[in-house]
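First to last, the sequence lines map onto chains G and H.
FYI, in this note's numbering the residues of the first sequence are 111 to 701.
FYI, in this note's numbering the residues of the second sequence are 111 to 701.
Errors might be hidden in some of the hints.
Since the list gives no way to pick one copy over another, a pair counts as held whenever it fits inside one copy or between any two copies.
Once the Cα atoms are required to be at most 30 Å apart in a straight line, the calculated BS3-like pairs of lysine-lysine come out as [what the hints assert, rightly or not]: (1) Lys387 with Lys411; (2) Lys387 with Lys701; (3) Lys412 with Lys177; (4) Lys662 with Lys387; (5) Lys148 with Lys631; (6) Lys412 with Lys631; (7) Lys631 with Lys575; (8) Lys412 with Lys575; (9) Lys701 with Lys412; (10) Lys412 with Lys339; (11) Lys148 with Lys412; (12) Lys701 with Lys199; (13) Lys387 with Lys199; (14) Lys177 with Lys411; (15) Lys671 with Lys411; (16) Lys148 with Lys584; (17) Lys575 with Lys148; (18) Lys411 with Lys631; (19) Lys631 with Lys339; (20) Lys339 with Lys701; (21) Lys412 with Lys387; (22) Lys339 with Lys387; (23) Lys631 with Lys584; (24) Lys177 with Lys339; (25) Lys701 with Lys177.
In short, the hints are calculated from the structure, not lab data.
Protein chains: 2
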Amino acid sequence: MKQSIDLDTIHSPEDIRSMNIEQLTALAGEMRAALMRKLSTRGGHVGPNLGMVEAIIAMHYVFDTPKDKIVYDVSHQTYPHKMLTGRMKAFTDPAHYGDVTGYTNPAESEYDLFSVGHTSTALALATGLAKARDLAGGDENVIAVVGDGSLGGGEALEGLNYGSTLGSNFIVVVNDNDMSIAENHGGLYADLRLLRNSNGTAEPNIFRAMGYAYRYVHYGNNLRSLIEKFRSVRNIAYPVVVHINTMKGMGLRVAESDKESFHYAGPFDLQTGAPLKTAPAGTAPQAYTDIFALHMLERMKKDSRTVVLNAGTPGAVGFYPERRREAGRRFVDVGIAEQMCTGMASGLAKGGMRPVMAVVDSFIQRAYDQLSQDVAINHMPAVFALFHTGVLGMTDETHLGFFDISMITGIPEINFLAPVCRQEYIAMLDWAMEHADMPVVVRAPGGEVVEDDSRELLADYSRPKYEFVRRGGKIALLGAGNFFYIMREAADLLAESGVECTLINPRCLSQLDEEALDTLKDYDIVITAEDGTADGGWGQRVAAYLGSSRTKVRVLGLPKKFENRFRAAELMEACSLTPQAIASIACEAVK
Amino acid sequence: MKQSIDLDTIHSPEDIRSMNIEQLTALAGEMRAALMRKLSTRGGHVGPNLGMVEAIIAMHYVFDTPKDKIVYDVSHQTYPHKMLTGRMKAFTDPAHYGDVTGYTNPAESEYDLFSVGHTSTALALATGLAKARDLAGGDENVIAVVGDGSLGGGEALEGLNYGSTLGSNFIVVVNDNDMSIAENHGGLYADLRLLRNSNGTAEPNIFRAMGYAYRYVHYGNNLRSLIEKFRSVRNIAYPVVVHINTMKGMGLRVAESDKESFHYAGPFDLQTGAPLKTAPAGTAPQAYTDIFALHMLERMKKDSRTVVLNAGTPGAVGFYPERRREAGRRFVDVGIAEQMCTGMASGLAKGGMRPVMAVVDSFIQRAYDQLSQDVAINHMPAVFALFHTGVLGMTDETHLGFFDISMITGIPEINFLAPVCRQEYIAMLDWAMEHADMPVVVRAPGGEVVEDDSRELLADYSRPKYEFVRRGGKIALLGAGNFFYIMREAADLLAESGVECTLINPRCLSQLDEEALDTLKDYDIVITAEDGTADGGWGQRVAAYLGSSRTKVRVLGLPKKFENRFRAAELMEACSLTPQAIASIACEAVK
């Protein structure tokens, strides 16, 4: 008899612990169906969640959560976990779809231990929980759940290496679906394949080599297998890896067959997988990632020194599978390994290539030390192309594109360029790829691509040189990157009120154009705006430089705060980042 | 017949390539003797260099350097390499001892490919060289030399994982001396021991698991074994690990028996190993590292939640072996793995402990993303104790303590405290360890410990609150950390000239005490000084805040530059960081 489960009766893991296997199987079916409905309507991390339904049910069934502690890597696979831990309605009731974030979130539930969004952190966080337990004399299980893709990241490998020395209960569930966001890259993946193909019996075994006991679950979407194996390690007194072989996108044919596209997807048709919102075919590229990727493919034809690097997010920087095929060996995805990717860029430059590392803004911060040591100290002409920047980038607190200006401009010897429009973007990229004799960051403007033929392009961006777009009055408006256009609108507003002003596109944010700033020293007010935190950013450097002159300076930018799921327009308004607000500040100052 | 080699006849590796094994052996002996003379006189990385004499001779003998490319991890083991590549005099002639830096340095020689100083970078850099070679159709060997300690770092493990996928010549020499700076920590070290004990035959084998062919050299200080093995991999067409078992400190008894003390040492007696400069026994601790370590040992007795974490540099933060033994399991060295250490701190805090991660200033930048994601977003009360900070810290371009203020204060939710003296240091540490409900950085002042009973200590440092040490006039001097005392001297100078001023110890550098700053808005000048880069630092935040007031602001700090082997006094003078210069700036402004 087919069981039927009413999902809305599940309020906590306790509600599933008395179920039999048939009921649990029915539960998994209902959960997967609910997930498909929500994912196809609202979008989200499709493949990771569909692949982990059974494993998450089995963990909550076997382990005594929340006393037993589960830390999920990235935590983009935790929709089933949220369903079982008091948040079912957010997956069954469209009116409540927006109630939960896409990641674990301690503000939502005691079952969520950390706010997580970047990869490769779960092992390290869990070692701390295990050590705290051991010092306090506790007896709970500590479980780190990490995907095969995440496992290649430095913090995960460091954590894997250290965790086995704890000498106490430390359970690492390796969720191996043979995929990162895109395909995996790295020697350990051949070993994982060997283990999968030998039902976990082969040598070498990376986990044993790292000091762990080892268990393998070949049917990682089979509840009975999972439950049996998790029971066998519950309350284990030493570190163990449970390697589970799961199917990314399980149960949704389109996601099973196109794992990369359905890692994360917007709303889609459940039958065909077709996106519900598409741009008409043949329209011009509308994202800087597309402009970048197509331009690099062109450059590769003309300049054989061109190499594009990426760390595990090729689609997010415009290199979809067909473009990767076109680029061939001149596109290098190193897997989720930003540190080594940055070091490799330096090595490529030393070897005579012209490398560009394309990276999602929030992830470049995983390579601060490498930018400093491998690249900047060595003056290597490697280029870093940042995407999804600023307030119009990602809106989860873990993925903000707010911090790169402050972070990178603090490092010596890196030339940080902030183009305002497509034309300037290409000019800066071309200069960086052909002529630069230093490391260069080119920050793609946030938001839609702006076409602007009136910007003055330079043949050489090695020295800071501000573009004076308009000169006059005793008010100067300096707008960096896409915020240049807010300043231009403010200038227009002022002009309409008969107030003259000077309008500047600074182009470079890592060094000051002192000659240009010297001409502003007798101004009444200088206003800067940048699409990153004001705190520690470029505008504060301007303020400090002009600090000993008579001019007043007002620095506008984003708050130094982990904003979460914000609305860009509201946040900008709160930060006076509107033409109207800027025009008023200016008028106020000259009154 | 014993061969004799005149070291001063060796100008390049070509000069050793026609030698026979007896001559090479004699060469190694002479080089080791010269190294001992220099190291005992001048100090330096003793153990790493003595252990690598034979391997470096063998590499330059077998490989066609500089066409073949050797990248050394950390590069603190490259004194023998420098001897063989045109810089012998810097090791044989005391008058030239200062001619070379302690690391590879492209400015010194074409044989030095990168300026390196941080660990774990060689594999990543070498993957870039190998990939560049493959794209350009070259045929040179690319060799990465990495120590067992460095191998546990995230970038190294990422590089190890990726390197095996190159599918072409990529030779990884693992220099395994069974030691990091201190003892190793991590599961892979048990595997290395297993491999050493089985003459390289055991399974599991971490290198095979990562996709490499594998060779083992048991006598890693035997030229014949090394030469034979390196010859066997020369021009190899696929990635291979050559695992060599070396003796750290080889040939110097005191260094062989006390590997930790002789990893890096100042001048010492060659027979006894005794330091040539010692403080008299029984004197008070004179370094903040000692004050920290002793205070933490006391705290551990009173508060069982206290845990001190460190990533591979225990001695450099005051935790010498006897103190580690005293701390027992409340001191955790995770090996060279700052990322995972930072994540673990967060996990410990979540588990109810009060963790403090003690870290050399220049190495905290290896954990930017973890400070942000694992710690700050999660509001975890983990403490970060920074040492060897600022202009009085380390002076190699790769180890500067200049960047932490700019880097960390850009991250939201972290409270960055800058004590000025021992008393304030302890007060801030105690508050952070007991009461803070947020992440706290406590930056040990650079230079000698200052005793100062006159500072006003607070019971609560959670909100920024500036200490007004002196009030008056229209000049305000704000001195952060140890630079407070420069400001106090400047204030004294001004007082001597009859000029009144306000003197402030800001205590906190991550948030502004706006109430305090508001009282300065009608001042003639506000001068800030901090022991870090002015660019992106705390003073610029002050300048921006006061930007719309009438007061002028002058921000003093260190240059955004990779200064190398500088003299602190000269650099400070060049940056107007002297009481005299500051007093003049002040007087100039009020004239």
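Let me make sure I understand: some of the numbered hints might not hold for this structure. Which ones are they, in numerical order? 1, 2, 4, 5, 6, 9, 10, 11, 12, 15, 16, 17, 18, 19, 20, 21, 22 and 25
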